[in-house]
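K.L.:
Residue numbers (the working numbering), protein chains in the order written: chain A, 11 to 181; chain B, 202 to 382.
If you are wondering where the hints come from, they were derived from the structure by calculation, not from laboratory data. Check before you lean on any hint, since a few could be wrong.
In silico DSS-like cross-links for lysine-lysine, where the CA-CA straight-line distance does not exceed 30 Å [as the list claims (entries may be wrong)]:
1. A:K114 x B:K234
2. B:K307 x A:K59
3. A:K118 x B:K231
4. B:K231 x A:K114
5. A:K59 x B:K378
6. B:K243 x A:K114
7. B:K231 x B:K249
8. A:K118 x B:K297
9. B:K378 x B:K297
10. A:K52 x B:K307
11. B:K267 x B:K307
12. A:K59 x B:K297
Over 12 Å on every C-beta distance to chain B, these chain A residues come out as not near it, computed from the model [as the list claims (entries may be wrong)]:
13. A23
14. A38
15. L45
16. L49
17. L50
18. K52
19. E56
20. F117
21. L133
22. A163
Per label pair, the in silico range of CB-to-CB distance [to be verified]:
23. A:D101 x B:G268: 27 to 37 Å
24. B:A226 x A:E43: 39 to 49 Å
25. B:L213 x A:S19: 47 to 57 Å
26. B:T291 x A:V60: 25 to 35 Å
27. A:A129 x B:L210: 16 to 26 Å
28. B:G362 x A:L122: 30 to 40 Å
29. A:L122 x B:A311: 49 to 59 Å
30. A:G127 x B:A311: 26 to 36 Å
31. A:Y142 x B:D232: 40 to 50 Å
32. B:L213 x A:P48: 52 to 62 Å
33. B:L210 x A:D96: 49 to 59 Å
34. B:A222 x A:Q67: 39 to 49 Å
35. A:A151 x B:L213: 20 to 30 Å
36. B:P214 x A:E51: 47 to 57 Å
Note that the Cβ used here is the ideal one computed from N, Cα and C, for glycine as well.
If you want the building blocks of each chain, they are given just below.
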Amino acid sequence: MTARFSLSSIAAALLAAALTLAPGPAAAVNPNEMLKDPLLEKRAREISKVLRCLVCQNQSIDDSDADLARDLRVIVRQRLTTGDSDGEVIDYVVARYGDFVLLKPPFKGATLVLWIGPALIALGGLAAMIAYLRRNRRSAAAGGAAKATPLTADEQRRLAKLMKDGAPWAD
Amino acid sequence: MPPLPTRALYILPLAVFLVMAAYFALGLTKDPKIIPSALIDKPVPAFKLPPIEGGRGNGFSSDDLKGDVTVVNVFASWCIPCRAEHPLVTELAEMKIARVYGLNYKDNPADALRWLRALGDSYYATGADRDGRVGIDWGVYGVPETFIVDRAGKIRHKHVGPMTSDILKNQIVPIIKDLNK
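All chains should be built: construct the whole structure from the sequences, respecting the hints.
P.N.:
Structure, rendered in structure tokens:
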């Protein structure tokens, strides 16, 4: 191993390590919003991650700097400190903003197509493919053999001659 | 394989594509910023708001929104679209087909009063929601928002964003007139 090679590989390894160890996007939660109880705070963070910020839409309230997201983070923490379960806190927000506030849509009647649709389409495709391959193989087995008509007497004679003398151009 | 189903099979991907394209084209016409309200056909949340500090009136509460068809307009002095919308709110209030309440959302009282003095205060009453908690109970996520409440105190319609004269004439007013029947 040359010195240059090991230097560049060390640099690459360092870069890879830096990229892997770099924290994700910093959460928007301010230190003064945090609860003193680390367990409650941890639950609050988990809840905040599944709730959508309605102003920025594709960020959770945990990520968003929007005013409304901050208000909702505070409400989540207030409800947790008054003894709500995680589910009750989420229900409280859903009651006001609807299912849309959940980053992961709930599994229920109205969203059945959303959840099961892709699997159904994949299964349908698989079934169609299997059916197609089977039919192909069956027609190859049945139709293929039927189509191979035996050689005529003349062809038999020519074949025998070729096998014996070799091809006319083989000299 | 018989020839006819095969030909139909060749057209199938195109047919599937066309159906999906039509579906997606329909989706593109919708504004993702507008979220269907979870509160439609639900009773207004219980609340009691004080008046804007230094302003007129006694604020308003959920009890004021029962008995008649009412409109609740969420506004703030820091909200630029509210400024554009405000003449229409005045127009609606002057039609006298429903009391129009103003919910002053997360605003500085002095700014709000100055704003109302400059643009006109035609609200039947205004309430100050300083910390935005009542707004959250109403599912407010972007000001301005306008709610129509029926006689029973149920939210029947919500408009997110500034009203335009077209929206006022063709959506808001007909709904209020219909609820007034």
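K.L.:
A separate judgement is required for each hint: does it hold in the structure or not?
P.N.:
Verification of the supplied hints:
1. Simply put, K114 (chain A) and K234 (chain B) have alpha-carbon atoms about 18 Å apart, close enough for the 30 Å limit, and the pair holds.
2. With a CA separation close to 25 Å, the supplied pair K307 (chain B) and K59 (chain A) stays within the 30 Å bound.
3. Distance hint between K118 (chain A) and K231 (chain B) is fulfilled; the C-alpha atoms sit about 23 Å from each other, no more than 30 Å.
4. In summary, the hint linking K231 (chain B) to K114 (chain A) is supported, as the alpha carbons are separated by about 21 Å, within the 30 Å threshold.
5. Only pairs whose Cα atoms come within 30 Å are accepted, and K59 (chain A) paired with K378 (chain B) is rejected, the gap being roughly 43 Å.
6. Proposed proximity of K243 (chain B) and K114 (chain A) is supported: the alpha carbons are some 24 Å apart, at most 30 Å.
7. At roughly 35 Å between alpha-carbon atoms, K231 (chain B) and K249 (chain B) are farther apart than 30 Å, so this suggested pair is violated.
8. Our distance criterion of 30 Å between C-alpha atoms is broken by K118 (chain A) and K297 (chain B), whose separation comes to about 43 Å.
9. Simply put, K378 (chain B) and K297 (chain B) have alpha-carbon atoms about 11 Å apart, close enough for the 30 Å limit, and the pair holds.
10. Taken as a hint, the K52 (chain A) and K307 (chain B) pair is honoured in the structure, with Cα atoms around 28 Å apart against an allowance of 30 Å.
11. Only pairs whose Cα atoms come within 30 Å are accepted, and K267 (chain B) paired with K307 (chain B) is accepted, the gap being roughly 25 Å.
12. For the suggested pair K59 (chain A) and K297 (chain B), the alpha carbons sit about 45 Å apart, so the restraint of at most 30 Å is broken.
13. Consistency note on A23 (chain A): stated as away from chain B, and its beta-carbon is indeed over 12 Å from all of that chain's, at 43 Å minimum.
14. No beta-carbon of chain B comes within 12 Å of the beta-carbon of A38 (chain A); the shortest separation is about 16 Å.
15. The beta carbon of L45 (chain A) sits about 18 Å from the closest Cβ of chain B, which is more than 12 Å, so the claim that it is off the interface holds.
16. In this structure L49 (chain A) is separated from chain B by more than 12 Å, as the shortest Cβ-Cβ distance comes to about 25 Å.
17. Every CB of chain B is more than 12 Å from the CB of L50 (chain A) (nearest about 20 Å), matching its label as outside the interface.
18. With a least CB separation of 23 Å from chain B, K52 (chain A) remains clear of the 12 Å interface cut-off, as annotated.
19. Listed as a non-interface residue, E56 (chain A) keeps its Cβ farther than 12 Å from every Cβ of chain B; the least gap is roughly 20 Å.
20. Look at F117 (chain A): its CB is around 18 Å from the nearest CB on chain B, clear of 12 Å, so calling it non-interface holds up.
21. The beta carbon of L133 (chain A) is kept farther than 12 Å from every beta carbon of chain B, the shortest such distance being approximately 16 Å.
22. In this structure A163 (chain A) is separated from chain B by more than 12 Å, as the shortest Cβ-Cβ distance comes to about 34 Å.
23. Take D101 (chain A) and G268 (chain B): their Cβ atoms lie about 31 Å apart, and the range 27 to 37 Å holds.
24. Against the hinted window of 39 to 49 Å, the Cβ-Cβ separation of A226 (chain B) and E43 (chain A) comes to about 43 Å, which satisfies the hint.
25. Between L213 (chain B) and S19 (chain A) the CB atoms are about 52 Å apart, so this pair conforms to the stated range of 47 to 57 Å.
26. Distance hint for T291 (chain B) and V60 (chain A): a CB-CB separation of about 42 Å, inconsistent with the stated range 25 to 35 Å.
27. For A129 (chain A) paired with L210 (chain B), a C-beta distance near 23 Å keeps the hint of 16 to 26 Å intact.
28. Remark: the range hint 30 to 40 Å for G362 (chain B) to L122 (chain A) is upheld by a beta-carbon distance near 31 Å.
29. At about 52 Å, the CB distance of L122 (chain A) to A311 (chain B) agrees with the hint of 49 to 59 Å.
30. Roughly 54 Å separates the CB atoms of G127 (chain A) and A311 (chain B), a value that falls outside the hinted 26 to 36 Å.
31. Separation of Y142 (chain A) from D232 (chain B) is about 43 Å and conforms to the stated range, judged on CB atoms against 40 to 50 Å.
32. The given range of 52 to 62 Å is respected by L213 (chain B) and P48 (chain A), whose C-beta atoms sit roughly 57 Å from each other.
33. The hint said 49 to 59 Å for the Cβ distance between L210 (chain B) and D96 (chain A), and at roughly 50 Å that hint holds.
34. At about 25 Å, the CB distance of A222 (chain B) to Q67 (chain A) disagrees with the hint of 39 to 49 Å.
35. For the hinted restraint 20 to 30 Å between A151 (chain A) and L213 (chain B), the CB-CB distance of approximately 27 Å keeps it satisfied.
36. Against the hinted window of 47 to 57 Å, the Cβ-Cβ separation of P214 (chain B) and E51 (chain A) comes to about 52 Å, which satisfies the hint.
The structure is inconsistent with the numbered hints 5, 7, 8, 12, 26, 30, 34, although it conforms to all the rest.
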